[in-house]
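Peer 1: Fit chain to chain and form the complex, with the hints in mind.
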Amino acid sequence: MLEYLGPISEGIAATVTITALAFVLGSILGLPLLAASRSPWLPVRALARFLIDLLRAVPPIVWLFILFFGLAQSLVSLDAYPAAVIGFGCISAAYMAEIYRAGLLAVRRQQWEAGAALGLNRLQVLRTIVGPQAIRVVIPGAATWAIALLKETAVVSVIGVSDVTFLATSESQRSGDGLLIFLLAGGIYILMSLPLALVARWTDARLHRAVAL
Amino acid sequence: MSALAAFLLDADQYDQLLSGLLVSLKVTGLVLLFGLPLGCLLAVLVASRSKPVSLGALAFVEIARGMPALVLLSLVYFGLPQQGITLTALAAAVLALGLNTGAYTSEIFRAALRAVPRGQREAAASLGLTRLSAFRTIVLPQALRIALPQLVGFSILVFQGTALCFAIALPELLSQAYQIGSTTFRYLTVLSIAAAMYAAIAIPVSQYAGWLERRMSARI
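Protein chains in written order, with the working numbering: chain A, 9 to 221; chain B, 284 to 503.
Next comes chain B alone, as it looks inside the complex (with noise of 0.2 Å):
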């Protein structure tokens, strides 16, 4: 196995590419920090009473779900700096990425929030909980449970997404193996590892996805 894999690359080449792998999950991490505060609060905005606040949280996930995240990552990093508000490729790919999540997340959120049944909120209530209080104390903890299981599975797409991240030269995975690859003019073989270091991430953590959601379903 390591005659084969000293047959493929050079020692360094695989340390770029763990480098690149490292930036990837640094930027999975950074997204999911900023994205998925952003859903739950876009999920409270929507379901919000005052019709304004509802359409215009409505209209933002709409808008952020519906454009592809690479033309969003294109609008974060070549778009803002024409007006004059310049960001790092890791600033702009956490920004634009973390809105795409945010969006995404918010409809996730929102489902379970519903999921969670009135009566807890009308026993929060007659304890003499305010309706803040409840929200965080009995209704959050019992909708994040319920998400939990598609929002591990939504944070494979975040970390497949960082791969969009090679349009804006982060030295994430996917433009290191292109980097060794334009060097080496073995484009192949380093592509093909890349893709096994993204499969040997993303799959295992699908799977874990699907066992939290057999073992929800069990139990409801």
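One chain only, chain A, in its complex shape (with noise of 0.2 Å):
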């Protein structure tokens, strides 16, 4: 069981780094895609709108063929490791806008109004009484898709990148010992995931503790 265990693990780093950067590029491009899709003009907001629901409505895998095999043959060619960052980063983009969604509306509109009355102005409003509170509501939402796209991301195996998945593959047709080996991932992608299912658990229960009081 252990010599297929060292193997495996070397894929840990890849499966963990483009699971991290593409959160992190998520949660960025996230906010612009949530001000837009909360933008007074109508073009805007409904451009907004289709983004998300179409980076969400197509399989990952396929925004990766798109990005892999569809671009090589354009002016930008990607590898496959960036092309995984940036399609999952997209995609969690997507997510991401509509879990910090939620959390805004979570927040009761009178806050806004208070704020305002304080002499405050929208921005200041968001910073300092709205965000605070939203983001309590945010963090388990973010953890648990944090989740989502660690599993999610084992679909780059298949364009080639060299993460938990594909050497699984590998070491199995090189042994012939496919259950073992995959139940050996799948325990590592459980075992990766705990951290954030604590995290997503323990802000939970602490909102819930919150908005009873």
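In case anyone wonders, no lab produced these hints; they're calculated from the structure. Note that the structure is predicted; figures quoted are calculated from it, not measured. Note that the Cβ used here is the ideal one computed from N, Cα and C, for glycine as well. Some hints could be false.
Stated by the list, open to error - If you anchor each label on the Cβ, the simulated ranges turn out as follows:
(1) B:V488 <-> A:R46: 22 to 30 Å
(2) A:L10 <-> B:A483: 31 to 39 Å
(3) B:R401 <-> A:R214: 27 to 35 Å
(4) A:A125 <-> B:G339: 21 to 29 Å
Peer 2: Written out as structure tokens, the structure is:
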């Protein structure tokens, strides 16, 4: 069993870095996407809505193929690793925009009004009053997305990134012991997602306590 | 519009994509047919009073949910034959994605079963119904109605998950698109059309799920 664990665990670096980079990219790109989806200008709002829906409606593996095989014939050609980060970064942006939106909607409208009554402008209200309350809703949602993202990144193995799944597949072909190897790989994913699951559970429990008060 | 369509691909290439889409939809249907009853069963087992049954079911749910669907699919399609159990690509897809679906939806069913008021079970008991018939005729129908919006939402994820079957050479939509791309070298065009097909199904269904959800919360 240990003979397989070594080779497979060499893929942890790729799985973790792709997940982390895509998550950070998505958390950043999600903000302008959220702003656009709440724009007072209808065409901007409709375009943002369409982008969010489209990014989430097409399976991630199809986006990867478009970036990796589709763009290969055009001017910009991407390697598998950057294609994976960019693809999952854009998908994450759509999910994060929705998570941010849920956070904002969870804060009552009166909080905005009270802030305005105190003479704060909208940005100040967002930064000092609404933001800190919204973040409590955002963190458990973001942690849940991060877990889903970690597992979704397994498809990068199909375009040849040496992640946990890719190495498990080649190890299984080499040794003929696929059942054990893929179970081990699954176990590695579960272990990697544990810290995120703890964050989700802990922040969610705190949220419920805060709301119950 | 049709001139544009003809410019992009040949008629038989559209036929090939559509046949792939049909396979994707067929796999989605079979996975739901196997996975949803499994999810319901797992929810009941997790709620069981017997500790070993409940813990065993919970462990199964956590493992089948915790590993990526692609890993589970590879385990079934590449791992089982090495132990002497060979499945066709379709059977492997339905088994692996079905187990995954069962594990995920068991959480939806569990929440829905808990959301049925206790008084309903008590009322059924006072009418002289056995526990099983109370569950079947009183609790389950109400739980299904509560679970419906989330189950519809999850079925989109199942449909998207069928694209993973590319890895096991099942001729679903993505496999067909890739195959057309590899003969014509017009990957971008054909993959974009395939993506549009996925979106054309996923977006309306997710809007329907959202509508169901809003209607449900308006009623409560």
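Peer 1: Go through the numbered hints given earlier and state which of them the structure violates, listing their numbers in rising order.
Peer 2: Violated hints: 2 and 4; rest satisfied.
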